[in-house]
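Colleague: In case you want the letters, here they are:
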Amino acid sequence: MAVNLKRISGGNLSENGRYRRRMLGWLTGVGLVGSGVLSAISNFVFIKPRTTYGQPQRFSIGKPEDFPPGTRMALGAQRIVVIREGNRLAAISTTCTHLGCIVGLDETGFACPCHGSRFDQDGNVTGGPAPKPLPWYKVSLTPNGEIEVDKDTVIQPGSYLSL
Amino acid sequence: MSPNKTSQPSLWKSLVELPRNVWGSIFRNPLPSNDLERSATSFTNFFLHIHPVKVHKHSLRPWYTLGLGLISFFLFVILVVTGILLMFYYVPSTTQAYDRMLDLRGTVAFGMFLRNMHRWSAHGMVAVVFMHMCRVFFTGSYKKPREFNWVLGVILFLLTLFMSFTGYLLPWDQLAFWAITVGTAIAGYAPVIGKDIQFLLMGGTSVGQEALLRFYVLHVAVLPAILTLFIAFHFWRIRKDGGLSRPAEADAIPTLEFPEASTNLEPRRTYGVQGLVRGPLHAAGKVPDNTVFSWPNLFRAELFVFVVTVSAILILALLFNAPLEEPVNVMHPPNPAKAPWYFLGLQEMVSYSAFWGGIGVPGLFVFLLFITPYIDRGTEGVGRWFARERLLANTIFLTFVIVNIVFVIIGTFFRGPNWTFVTPW
Ligand code: HEM
Ligand code: FES
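Chains as they are written, first to last, in my numbering: chain A, 1086 to 1248; chain B, 4 to 428.
Because the hints were derived from the structure by calculation, they are not lab data. This structure is a prediction, so every number in the text was calculated from the model and none was measured. Cβ atoms here follow ideal geometry from the backbone N, Cα and C, with glycine treated the same way. Mixed in with the good hints, there may be bad ones.
[Unchecked claim] No farther apart than 30 Å at their CA atoms in a straight line, the calculated lysine-lysine pairs in the DSS-like style are these:
(1) A:Lys-1223 / A:Lys-1133
(2) A:Lys-1133 / A:Lys-1217
(3) B:Lys-60 / B:Lys-198
(4) A:Lys-1236 / A:Lys-1217
(5) A:Lys-1133 / A:Lys-1236
(6) A:Lys-1236 / B:Lys-341
(7) A:Lys-1236 / A:Lys-1148
(8) A:Lys-1133 / B:Lys-243
(9) B:Lys-341 / B:Lys-198
(10) B:Lys-146 / B:Lys-60
(11) A:Lys-1223 / B:Lys-198
(12) A:Lys-1217 / B:Lys-341
(13) A:Lys-1217 / B:Lys-198
(14) B:Lys-60 / B:Lys-243
(15) A:Lys-1236 / A:Lys-1223
(16) A:Lys-1223 / A:Lys-1148
(17) B:Lys-147 / B:Lys-243
(18) B:Lys-198 / A:Lys-1236
[Said to hold, decoys possible] Derived coverage of chain B by chain A (criterion: at least 3 residues anywhere in the stretch with Cβ under 8 Å from a Cβ of chain A; other residues may be distant):
(19) 17-23
(20) 84-94
(21) 350-356
(22) 418-427
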């Protein structure tokens, strides 16, 4: 059972046979690379979660009476500050627009402990590396008189909810 | 069956010879007493066969490599061993992780000690890998044919940083939480895919249980596996690139500078394929032999570096405890919220601009590191520290190193609450 080396190396194939062999080689290569790419992509699809388990983006924060005029109250877990001036109410994000630390309240507005960004009372950047002002979120009154904040909807800064 | 009297020893004889035969079946060679056995030792022992049979004398000079690559490797080994032990107690859950840290500290036998070892080896590995990169640069060792091993090295450096970044979240203390909040947000600034990367890393929109689990999987399985693969590749390339870099003079006949070079001319390729390293094969015939046997010369040196590395980590772990901050409070970042020291240069840079400091400039640095060997292609001054011929390249790299160190120092000592400038004295 001697092995025919000539046959293995394709030395005596016809023009057609050699062509067929090259095509098969290409197809195998494309198939392997293609499946590799496909499986890599599907792995990423797999690890990209469809549901997230964090804080809800829409939530109620209580009745208007809980926030008397003049209030600036930070709600830590929800990462917002609730502002009430007279009969107007608004919710501003306390997530720093730089890299996501929580900004603290101070006399002039907000200050971030991580890289020193500063914001005025309305959330406009007054210093530091933050690239954008703090977003204002949509606030509405539910039929049963509760205040609902919707963090998925960013509104024009300075637009308050009239109570 | 053909009767063969001599091939079947009696049972009694087998039992008597059992210990010696078992031993002999594992270690095929006796402790070497001649050159043939010395070379056999290197390539019949699984754990030693990664080594060449003979090494160049120049590679054994302690002040040439400073053993830094080896130390990086041994630190990685310590990290794997201590890390696996820590896994017996750790739970990647936001409600349990911190308590497990307290348990390690308070109740588990040697728990605190192992955690200390793991932490100090991790810090050490970042520092030593960086120093190893500096030594490779300043000796011009990334030049042809070692360009690709330098590229592998840069990948190893990035993997090492990513290992420590993922490990940082696991204690689930204040430092962990805020450093990772900031770190993942930096990823979010990368162009096009930034937001997706951030979302994939965190498994959600903020750092929480999903992020902890993901970082755990990356830290204990994915990254160590990739790192192991690349270290193996790195080592294999060292062999295939002809051993460590050395100046051309080191292969010549003895000079004042290399008196140890041998006058004793030997034919090339004496020790078979296993011992062969790439060299001018066309120069057949007799050439000066400047190599020595790996057994015992190289192995003795490696053992020495190993013992020193392990001892240093043991002593550090005895003297200093790994820090553990307050448990996570998602409402209040500590002020200032500082990353570990090796990321403070980055943190200092992002305090000027998130994109440029976190993505643009570091990305440019990494890109420059990758292409260095393909740009700086002169062959002068290879194998010598701070060779005069490489003054320009070395000066540029030194500037890069110093700038990095200065930024780390500013971030570490000169930044106080709200990241304002403070003086440490
Ligand atoms: C996990 C990290 C690393 C490990 C375990 C490692 C290990 C080693 C070892 C054991 C050596 C033998 C010589 C010596 O000890 O210096 C070596 C050589 C080398 N390393 Fe690394 N290394 C790592 C990272 C890097 C990095 C970050 C670079 C550069 C970007 C690099 C580039 C090289 C090059 C080019 C050589 C050959 C040097 C020569 O021929 O003189 N390595 N490495
Ligand atoms: S995260 Fe607020 S300044 Fe960087």
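Colleague: Hints first: check each against the structure and report whether it holds.
Modeller: Here's how the hints hold up against the structure:
| no. | hint | verdict |
| --- | --- | --- |
| 1 | A:Lys-1223 / A:Lys-1133 | holds, 28 Å |
| 2 | A:Lys-1133 / A:Lys-1217 | holds, 27 Å |
| 3 | B:Lys-60 / B:Lys-198 | violated, 52 Å |
| 4 | A:Lys-1236 / A:Lys-1217 | holds, 17 Å |
| 5 | A:Lys-1133 / A:Lys-1236 | holds, 22 Å |
| 6 | A:Lys-1236 / B:Lys-341 | holds, 28 Å |
| 7 | A:Lys-1236 / A:Lys-1148 | holds, 18 Å |
| 8 | A:Lys-1133 / B:Lys-243 | violated, 40 Å |
| 9 | B:Lys-341 / B:Lys-198 | holds, 23 Å |
| 10 | B:Lys-146 / B:Lys-60 | holds, 20 Å |
| 11 | A:Lys-1223 / B:Lys-198 | holds, 23 Å |
| 12 | A:Lys-1217 / B:Lys-341 | holds, 22 Å |
| 13 | A:Lys-1217 / B:Lys-198 | holds, 16 Å |
| 14 | B:Lys-60 / B:Lys-243 | holds, 18 Å |
| 15 | A:Lys-1236 / A:Lys-1223 | holds, 7 Å |
| 16 | A:Lys-1223 / A:Lys-1148 | holds, 16 Å |
| 17 | B:Lys-147 / B:Lys-243 | holds, 12 Å |
| 18 | B:Lys-198 / A:Lys-1236 | holds, 18 Å |
| 19 | 17-23 | violated (count 0) |
| 20 | 84-94 | violated (count 0) |
| 21 | 350-356 | holds (count 5) |
| 22 | 418-427 | holds (count 4) |
The structure fails hints 3, 8, 19, 20 (numbered hints given earlier, in ascending order).
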